[in-house]
Each structure stands twice: as C-alpha cells, then as structure tokens.
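Undergrad: Chains Z and F, in that order, give the protein sequences. Take 108 as the starting number for the first sequence in our numbering and just add one per residue. Take 45 as the starting number for the second sequence in our numbering and just add one per residue.
Keep in mind the hints are simulated off the structure, nothing from the lab. Since we're looking at a predicted model, the values are computed, not measured. Every residue gets a Cβ at the ideal spot worked out from N, C-alpha and C, and that includes glycine. Heads up, some of the hints might be wrong.
[Stated by the list, open to error] Derived, one-sided and incomplete: chain Z residues facing chain F with beta-carbon distance under 8 Å: (1) Thr122; (2) Val123; (3) Ser134; (4) Leu136; (5) Leu217; (6) Pro252; (7) Ile258; (8) Pro272; (9) Ala379; (10) Ala394; (11) Val395.
Here is how the chains run, residue by residue.
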Amino acid sequence: MRSYLLMRAVFAVVTVIAATFIVFTVSRLTGDPREMLIRPEGYGISEEAYEAIGKKLGLDKPLVVQYGMWIGRVVRGDFGKTLLTQRPVIDLFLEKAPATIKLSITSWILATLIGVPLGVLSAVYRGGFIDYVGRTFALFGQATPAFWLGIMVILIFSVLLNWLPSGTIGPEDASFIERAKYFVLPSIVLGWGGAAGYLRLTRSAMLEVLDSEFIRLARAKGVSNSRVVWKHAFRNALIPPLTFSALLMAFFLNGQVVIEVVFSWPGLGRLATESVFENDFNTLSTAVLFFAALFSLTAFIADVLYATIDPRIRLTGHKE
Amino acid sequence: MNDARITSNISIVSYLAKIWWVLRKWPVIPIIILLTLLICSGFSEQIAPESYRKTDLRLRNAPPFWMEGGSTKRILGGDVVGRDILSRLIHGARIELIVAGISLLSGAIIGVTLGLIAGYMGGFIDELTMRLVDIWFSIPFILFALVVTIAFEPSLQVVLVLLAILAWSAFVRNIRAEVLALKGRDYVSAAKIAGASKVRIILKHILPGVFNTVMIIASLRVGQLIMAEASLSFLGAGIPAPTPAWGVMVADGRNYLDNAWWVSTFPGFAILLVVMSFNFIGDWLRDRLDPNLRQLL
Numbered sequence: 108m109r110s111y112l113l114m115r116a117v118f119a120v121v122t123v124i125a126a127t128f129i130v131f132t133v134s135r136l137t138g139d140p141r142e143m144l145i146r147p148e149g150y151g152i153s154e155e156a157y158e159a160i161g162k163k164l165g166l167d168k169p170l171v172v173q174y175g176m177w178i179g180r181v182v183r184g185d186f187g188k189t190l191l192t193q194r195p196v197i198d199l200f201l202e203k204a205p206a207t208i209k210l211s212i213t214s215w216i217l218a219t220l221i222g223v224p225l226g227v228l229s230a231v232y233r234g235g236f237i238d239y240v241g242r243t244f245a246l247f248g249q250a251t252p253a254f255w256l257g258i259m260v261i262l263i264f265s266v267l268l269n270w271l272p273s274g275t276i277g278p279e280d281a282s283f284i285e286r287a288k289y290f291v292l293p294s295i296v297l298g299w300g301g302a303a304g305y306l307r308l309t310r311s312a313m314l315e316v317l318d319s320e321f322i323r324l325a326r327a328k329g330v331s332n333s334r335v336v337w338k339h340a341f342r343n344a345l346i347p348p349l350t351f352s353a354l355l356m357a358f359f360l361n362g363q364v365v366i367e368v369v370f371s372w373p374g375l376g377r378l379a380t381e382s383v384f385e386n387d388f389n390t391l392s393t394a395v396l397f398f399a400a401l402f403s404l405t406a407f408i409a410d411v412l413y414a415t416i417d418p419r420i421r422l423t424g425h426k427e
Numbered sequence: 045m046n047d048a049r050i051t052s053n054i055s056i057v058s059y060l061a062k063i064w065w066v067l068r069k070w071p072v073i074p075i076i077i078l079l080t081l082l083i084c085s086g087f088s089e090q091i092a093p094e095s096y097r098k099t100d101l102r103l104r105n106a107p108p109f110w111m112e113g114g115s116t117k118r119i120l121g122g123d124v125v126g127r128d129i130l131s132r133l134i135h136g137a138r139i140e141l142i143v144a145g146i147s148l149l150s151g152a153i154i155g156v157t158l159g160l161i162a163g164y165m166g167g168f169i170d171e172l173t174m175r176l177v178d179i180w181f182s183i184p185f186i187l188f189a190l191v192v193t194i195a196f197e198p199s200l201q202v203v204l205v206l207l208a209i210l211a212w213s214a215f216v217r218n219i220r221a222e223v224l225a226l227k228g229r230d231y232v233s234a235a236k237i238a239g240a241s242k243v244r245i246i247l248k249h250i251l252p253g254v255f256n257t258v259m260i261i262a263s264l265r266v267g268q269l270i271m272a273e274a275s276l277s278f279l280g281a282g283i284p285a286p287t288p289a290w291g292v293m294v295a296d297g298r299n300y301l302d303n304a305w306w307v308s309t310f311p312g313f314a315i316l317l318v319v320m321s322f323n324f325i326g327d328w329l330r331d332r333l334d335p336n337l338r339q340l341l
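Excised from the complex, chain F in its bound form (with noise of 0.2 Å):
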C-alpha cells in the first residue's frame, strides 16, 4: 500500500470519526426528521403531490413505486379507496403538530399553575391536587377517553381536550416538588421579607427557576402525546375521517394485510420516527439542563 493511500484512508477514518463525534453530541437525526415534519406541516398543499382526499379506485391498494405493478403516481402505495399515503401522510403531519402542539401547551399551563400553586401554598391546598393527581392517574385512560368521546361524538376539539387532561398530571408532581425545594432558598425568603406578595414571588421569583424542567417534561411528553392520539384514532375515538391522521391510516389498512401491507406500515413508521425523535430530544435536554431529573421521569 503506498503512502497517498493511507493517508487518504486516514483521513476517511478520521472524517467518519468527526461525523460519529458530532452525531453523538448534538442530536442532528432527530432535528432533521423534526424539521422535515414541520416543514411538511407548514407546506402541505404545496408539498404533497396529490390531495389528501383525491380517491381513484383504478389505483385501489396500489403497491409503491419499487415494487411490481407499482407508479409514481401512488410513490407509497395507495390506499383502500385509492387516495395517496404520501400525500396523506404529509398532510397528516400538519393535523399531528396542531394536536400535540396545543394539547401540550394547555397541559403545561394548567399543569405547571397547579404545581406552582401547590408547592408554594402547601397544606390543604398542596394535599387537595395531589390527591386530584392520584385519582386522575388510577382512572384509565383509554377508557375514560372512549367513553367521552362517544358521549361528545369524534371530533378535533374533544380529542385537544382529552390529550390536554392527559398532559397536566406530569407537570404537577414535578414542578411541586421543584417549587418545594426552591422555596426554602434564601433569595425567596429574602423576596418574602422585602414584602413581595405571593403571586410575585411566585411569579418572579419561583417561575424562572422552574422553567428548565418545565422545557424537558414538555419535550419528554410530546411523543407520549402523538402516541395516545394515534391510539384513540385507531380505535375509531380519534379525529373523524376524512382528516388524515395518522394512526387512522394504521387502523385503515389493518384488514388488508396480506394485500397491501404498505397501507398500515408507513404511517406507523411515520409515527415511529416522530414520536423517537421527539424523546431523543427531550433525552438530550434532560441530559444538559438537569441531570437529577433522571429518577423523576
């Protein structure tokens, strides 16, 4: 071997060792697959090459382009009415950021205001929503989330609503227990003696320092979040038709499996890789925000 051949392959060496190091640093994959997710979400109409609800029983259970029989025009395949998961599965990723998005939002508003109220004010109050936690936690969830949605008919805003009382519960015992500890430090004593009042300590003084949790429970959430909302549409409690959510699609393609297995396998990988993405993340934050939280979670 001569010299210009090893230390090119040195340098291959070394340039794949630079790639593994930032691969391991910062979480590149998710963010990539992340943005992916919001830029589909943002551009749908623009992106997709078909519309979500375009069917063409022609291109019924439509293989994907690779295989044999399969076109570009259905690049995934096509669904049992023949409309395009590609199109579908991009369209529905626009509906999985606005569930997630809004139902962790109202989680983490009622559940860090709860948490902070009962850190701070503790006795009777602090006992009262820790016990609300307790019950809240012992009802099942999928079931619970079935009955409402049978009692309220399907639909977007019931779902927002069941996923944000699944969101708060989190919120409460961590940022309690935060607030529990940040209490006693001296720089909240100090505000108390200065004569700040309740809802300014609270809020100036507690609120800050409770933030970094707040940001890692949120980013550890949401793929639990997209996870329960994929279920309750897959048992038919989720988002009606014809909105393209995602674990509908799983649930679409379910009776055809020796078929078209292509109908149920890619909008589940989708969610796969969204919901990974999202824990890698939050992971990642944890990791450099707050270690201790390792046992809380």
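Excised from the complex, chain Z in its bound form (with noise of 0.2 Å):
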C-alpha cells in the first residue's frame, strides 16, 4: 500500500513537470514576447535595448535551459512578474483565485447534491417516471453546449425577466443575498454538466449492487426498502462516484474558462486565457503549472481514497 502510494506520488510530480514542459515550449513557439512590448504608436526600441530585454527574460538561452530557471524560480516560491504591467504573478493569482474557488465549490455542491441522490432515484425505479426524468436531465445536460447554455440563461433570467445579474461576481460590499445572485446562473450552468455525470455513474453503479446476490438476502430477511437502498446499496455503490467527485472538482477548477468568458467572472480561467493572448508566459506557465499541479492532486487523491475504500487495492498494492 505504502509503496503503491509512493509510487503514485513520484508520477504525479514528473506529470506536472512534464505537461508544463509541454505548454512551455509551444508558448515559446507563439512568437517572441518582446514584440508585446513594442507597441506600433510608441517610437519603437533601440537594438541595445531589445537585447537587454531579452538577456532579462532569459530569452538567448536555450529552451531546456530557460525552462530549468523557471522551474527553479517557481521552487523558491518565485513566479515572475507580468509581462506588460510587472506585477508579481503571484499577486495576481491570489487576487483571482478567490472567485474561481467559490463559484468551483457552488458548482460542486449543486451537482452533487442534485446528481447523487437522483441518479440513486433512476436506478431503484428503473424504467419508471423518475428514471425518465433522470436520464433527460442528464443527456440534456452532457449535450448543452455550456457556453450556449450561459448565454441562453443570460437571454432568459437577465434580459427577458431581469430577475438576476448577467455576470460577474458583484460588489465587495452588498448583502449576502445581494452576492449570491451573482452566483446562482454560472453555478448552475457549470453545475449542470457535472450533475449529469454524477447521475449517470451512480445509476450504473446502484444497478450493478442492486442486482447482487447480498441485496437479495437483505430483501428475503426482511430488511426495510429505504434501508436496503441507502444503507446495504448505496455504500457498496460510491466508489464510482466518490472517484468521480475528486476529478469533477479538478475539472471545475480548470475547466471554467468559457464560463468565466461567457459570465465576465473576474477569476483565474479568463486571467489564464488573457495571458495566451498577451503572450505573457510568466502568468501562462504558472496558470498551466497550477492546473496540473491541481488535476495530479486530485487523481492522487482519488487513488488514496480508492485504496482505503477497496481492500483489493490495498492488499495486492495494484488497481484491477
């Protein structure tokens, strides 16, 4: 077990080093982030002064080279500065970070708190109306084109009804009530899809468990319906979705850039967008790095839970 762990660990940080290494090299393939700095109103930049910057950035050295000083940096806990405003990258991530989080964990919550339990309803009434229910919610909402969808609750709730805000998160100072608002049409819209997937995998799963033979026993003792759904079932059928939730929120950390795009959401998916844009590598690279260091530590988390949960994996020290 320990080493199995161990092992999964030392992946995890050669993965983040390597898709780092990745988007690294193909930002350096998007020109020279010098030419960001010379805009065509201004009176242009001396030859000196061009080389002076570059020798700075570190750009006249090669590629692997220029990747093991950021890397070195970052280890030391410094992450550059902006390319065209030269602020502390690090400083900017903290300012936006709070918003992507909160409006992750909303997310989370709802599709959790509406894909679990729904996706347990499908399966115990299979065939029946809550089953037919379920599955459009869910094939509904892996079809919806999530940027389409942001636009279209925009159309309805803020243009048509003016019942709620289009978009970003709202002033510091209102009310919670007031705040909250502004979270209830980008949470849902990301929210959605999650949901969906959790619906699908718990149904599945519950199926499976509900069609064993130790279910049948419980039935013929005699136990209770509730309670051979929710006690002897559904215990038996969390992995899938328990697995699933780690990676879901990975997945709304990252995976929010349109959303963030569609709803102005002042967070990190639109800094990161904006910073392949302004070719500013500094925040590109550390916006990559954060990413992936997050989604390996989500899997990683996902393993361990995995292994305490299935004492196959923990005994033979290998996933089936």
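Using the supplied hints, reconstruct the complex from the two chains, each of which is provided in its own coordinate frame.
TA: Next comes the structure, spelled out in structure tokens:
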C-alpha cells in the first residue's frame, strides 16, 4: 500500500513537470514575448534595449535552460512578474483565485446534491417516471454546450425577466443575498454537466449493486426497502461517484475558462486566457502549473480514496 | 359511448403504445436528426436558400419569419451583417461533420494502436504509454488549444490536429484494459504456441475482439469532439471566418442578445441536437454490444 502510494506520488510530480514543459515549449512558438512591449504607436525600441530585455527574460538561452531557470525560481517561490504591468504573478493569482474557487465549490455542491440522489432514485425506480426524468436531465446536461447555455440563461433570466444579474461577481460590499444572486446562473451552467455525470455513474453503479446476491438476501431477510437502498446498496455503489467527485472538482477549477468568459467572471480561467493572448509567459506557465498540479493532486487523492475503500487494491497494491 | 368509439379509442391507444415501444427500442429520433445532418452536409448548396456568405445590410438582425417584421427571405432570421442563419446552419453541417469525422478517425487510429501495443506488450512500454496519457490528462485542454492556435494561426488543420489529440486518450485506456483481458484467453495462447508473430496475434486475434469497444467509445466521443470544436470556435481559437462553424455563430450573436436573440439561439440548439443524438446512439450501442462498459466510461 505504502509503496503503491509513493509510486503514485512520484508519477504525479513527473506528470506536472512534463505538462508544464510541454506548454512552456509550445508557448515559446507563439513568437517573441518582447514584441508585446513594442507598441505600433510608440517610438520603437533600440537594438541594444531589445537585446537587454531578452537577456533579462533569459530569451538568449536554449529552451530547456529557460525552463530549468523558470522551475528553479518556482521552487523558491518566485513566479516572476507579468509582462506588461510588471506585477508579481503570485499577487495576481491570489487576487483572482477566490472567485474561481468560490464558483467551483458552489457548482460542485450543487452538482453533488442533485446528481447523486437523482442517480440513486433513477436506479431504484428503473424504467419508471423518475428514471425518465433523470435520464433526460442527464442527456441534456451532457449535450448542451456550456457557452450556449450560459448565453441562453442570461437571455432569459437577465435580459427578458430581469431577475438575476448577467455577469461579474458583484460588488464586495453588497449583502449576502445580493451577492448570492451573482452565483446562481454561472453555478447552474457549470454544475449541470457535472450533475449529469454523477447521475449516470451513480445510476449504473447502483443498478449493478442492486442486482447482487447480498441485496437479495437482505430483502429476503425482510430489511425495509429504504434501508436496503441507502445502507446496503448505496454504500457499495459509492466508489465510482466518489472518485468522480474528486476529478469533477479539478475539472471545475480548470474547466471553467468558457464560463468565466461568458459571465465576465473575474477568476483564474479568464486570467489564463488573457495571458495566452498577451503572450505573458510567466502568468501562462504559472496557470498551467497550477491547473496541472491541481489535477494530479486530485487524481492522487482519488487513488488514495480508492485504496482505502477497496481492500483488493490495499492488499495487492494494484488496481484491477 | 358507443362500441365503435371505444374500439377506435383502443386502437389509437394501442397505436400510440406501439409507437412508444418502437421509440424505446430503436433510437429513431436521433437517427432522423443525424440523417438530416448528413443530407445537409452532402447537399448544402442545393438545400440552403442562400449562400452562407451573402450579406444584406437591409436584413441585419432580421427576425425569423413568424415574428413581426420577419420575412421568408430569412426564415430563421438574419445575423449581424444580414446573412441568412438557416443557410449558414446548413452549410455549417458539413464543417461540423468533417471536423468530427477526421479528428475522431485519426484519434481512434492513434489511440487503438497505442492501446493494443501497451496492453499486449506490457512492462515498460505499457507504463510509458499510460504515463503519457496521465500527462496529457493533466494539461488543461482549452488553454493548451489556445496556445497552439495562437502559435500557428487559427485554421481548419490546427483544429483537426487539436481535436485528434483530444480524442486519442479515451481509446488508449479502455482498449488497453480490454487487451489485458483478451491476452490471457486460450485462443491467444494457442496462436502463440502455433508460432504466430506478435504483430499477427495483435492484428488477427486481438483487434477483432476489441472492435465493439472501439465502436462504442467512438460513438460516445463524437459528441464531445463537436462540443470541444464549438467551444474553441466560440473563444476565437477555432475555425476562422467566413466558414460558418456553429460555435462561431453563437459567439457572433452574443452582443445582440437584447435585440436579436435568434442569432445565438439557433446555432447552439443545432449543436445540442447533434451532440445529444450522437450520445444517445452511443449509449444505445453500448447497452446492446457491451453493457459492462458502463463502469469504464
């Protein structure tokens, strides 16, 4: 067990390094970041100054060395400065992160609270009305493009009905209810797809468990239906949704680029997108590092959860 | 109520029940939707009432024909520069199918090959391939796609490559798992003893065994690819103008929500219908061919 987890941890670190290196390399193909500093309306830049900036940014060295320098600074906690405004990247991140984290958590709770119970009910009443409602809900959730759904809910609830704000996170000093209103639309749009995934996973896991011998035994013993469903079956069907929930959180934290753009949400996704267009490689690399690390961490947590819950993995040290 | 009315009522009910039964057994509606898509993409020039790039400023943001001020000249309305939305949708069908088809096919070829090799060879090669998949999963796709598009200028080719590398990973994992199970079967051992080469065993004895899985993953994956393409187009990193990609059309209407809701609504609805149809057929195929895959996907 310990060696299994240790191995997973080492792989997670290797994964993060490889992922950042790939994006680092590709981002250097986008052209010289120095060109962002030369505005067409300015006085231009002298050859010497151009070289000097290149030296300062380390652009004269080979790519691998540049990457090594970057990761060396990151390990020491120095994420560099943004290209245009020369602000420390880490400050910018700390400023934008709360908005993204808040939205992710809200959507995650929403998805879990809707998806899991609906999945259980859908399996229990298989072929019945609830099952059809649940499956339709899931079918739509997985097929609706998030950016379009975002635009549609803005159209209906902000433009036509004028019930909810159409975007941004709202003023800091407003009351809790007032600020909560800003979360409603984005978290529904973000959460629906997740809820659909939960529903499908929970449903199929439940169907499998409900079909097994020990459930039949429990029923034959005369255990009440709700006890069979929630105590006997649900606990054993929990592994797939549980692993999914860790990955879903990671997905929410970095999959919301599109949502943040649609709702003008002042979070990390939009920061990262802007950094791509501005060729701001310090910010971009940090964003990729953050997302990749987060993803590897959650995958690792999912593995640990798996190993703790499923004794087969704990004993043999391998996933089936 | 007389007897004739009762019998006719019963026959209507049984008729409806029969329709319901057929609809439940076969994915009729999704097939109709996808056939429409196929026909539109094949004969867009003949079907579409207008060219997809013909602008008409008098018809800018013209409403659909059933609304006040609308005309049959722009059945589903006109967009920001007066182009016919219906015609652009019909022309867009071809690009959506081409993008999804090519990227899926190349992703499937790469993914299945890697999955077969990793699963059958095992050991270091297997470990390396799986770590590669892990690394790929941990890169935020949209960001990566944006960086790549900016590095190479937005074009159809870039989108195809990006989507192909999005598609391969799902194949590798599931095919590998399948191969691991097939590898231990008696007929594979028999072939080995008979002296068949590794390549022959993989191609002749294992590949046919994973074919169902490939079909299922492919059909469940198309929808995601169309969605990814639309998201990229929406962010401005997809297929460049004037090609009428549906994602671009949604983005076009974003700033005119309060006076021309139809510009964004119809293209997005088209994406929804197509993706849903593909997903539905994928589910249906999976339930028919291999219900065990439920846990894998």
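Undergrad: Does each hint hold? Answer for all of them.
TA: Each hint, compared with the structure:
The closest approach between the C-beta of Z/Thr122 and any C-beta of chain F is roughly 5 Å, which is under the 8 Å cut-off, so the hint is satisfied. Given hint, Z/Val123 at the interface with chain F, holds; its Cβ is 7 Å from that chain's nearest Cβ, closer than 8 Å. With a cut of 8 Å, the hint placing Z/Ser134 at the interface with chain F holds, because the nearest CB-to-CB distance is about 5 Å. The closest approach between the C-beta of Z/Leu136 and any C-beta of chain F is roughly 4 Å, which is under the 8 Å cut-off, so the hint is satisfied.
Given hint, Z/Leu217 at the interface with chain F, is violated; its Cβ is 21 Å from that chain's nearest Cβ, farther than 8 Å. Hint status for Z/Pro252: holds, given a least beta-carbon distance of 5 Å to chain F, under 8 Å. Proximity of Z/Ile258 to chain F holds as hinted, the smallest CB-CB distance being about 5 Å (cut-off 8 Å). Interface hint at Z/Pro272: violated, since its Cβ lies 14 Å from the closest Cβ of chain F, which is beyond the 8 Å cut-off.
Using the Cβ-Cβ criterion of 8 Å, the hint placing Z/Ala379 at the interface with chain F is satisfied: the shortest such distance is roughly 6 Å. Contact between Z/Ala394 and chain F, as hinted, is supported at the beta carbon level, the nearest pair being about 7 Å apart and thus within 8 Å. Given hint, Z/Val395 at the interface with chain F, holds; its Cβ is 6 Å from that chain's nearest Cβ, closer than 8 Å.
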